[in-house]
Amino acid sequence: MFATIALIEFLVMHSRERAHEVSVQRGAERKRRTIRLKSERYYHPAHTWMQLADGEGIVGSDEFVVRALGVPESVELPPVGMHVNQGDPLWKIRKGTRTVVQMSPIEGVVLNANQALSRNPRLLHEAPYSKGWIAVIKPTALKANLKNLLHGAIAEMWMDQAKRLVIQRFSPRLGVTCQDGGELVDGFGDLMSDEEWEKFSREFFATE
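Each residue of the sequence shown is one higher than the one before, counting from 1 in my numbering.
No wet-lab data here; the hints were simulated from the structure. Among the clues, some could well be false.
Claimed, not checked - Listed below are the simulated SDA-like cross-link pairs for lysine to any residue, each with C-alpha atoms no more than 20 Å apart in a straight line:
1) K143 / I58
2) K92 / I167
3) K95 / N114
4) K92 / D54
5) K92 / K199
6) K38 / L191
7) K138 / M82
8) K38 / K163
9) K131 / G70
10) K199 / P89
11) K199 / P45
12) K143 / N85
13) K38 / L123
14) K163 / A206
15) K92 / D194
16) K131 / A206
17) K163 / L191
18) K131 / Q115
19) K92 / E107
20) K143 / D54
21) K131 / D194
22) K95 / Q168
23) K95 / M157
Produce the complete structure using the sequences and hints provided.
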């Protein structure tokens, strides 16, 4: 009798512990969502993207940037009418003391900027490839610019390499990033020291 009661109590306790483990695991999986690329977009090595639509280029930040910063506090948009060269600074993303200066993936004139980001910067984190777009540019050297952008399978290999480099160089501080085969946790830049962040930013977001 007592043995049966003890066994039931053990099974109930084990079931509760297992349910808790599953809940924690699911939460971690949500936090470590896969960094995605969109096949119809072209990617700049400084982690910005461009998509053609009716002869114009919609540009934005890729999900690698979004994952590094986490939810941004502000996005500084480019002014309409500005002429920009490929690889020139075009917008800024801020979170606390951290700022990412993003480079234009193409040369041209800014026709429009996503003012919704000024009111709700979270859109960039939630939907970097749709509602979180940054600007629309009228290209002036598109054929030449496309030669410097990454697309398709090459873009996929480039992004995989970027993730591996982060894990190799910063995993002592970002050990949790390795638990699901190399995906990076949301806001992994928060786990870096200021010195590490500066090194990381120079390597992944600068063009020189």
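Checking each numbered hint in turn, tell me which of them this model violates, lowest number first.
2, 4, 6, 16, 21, 22 and 23
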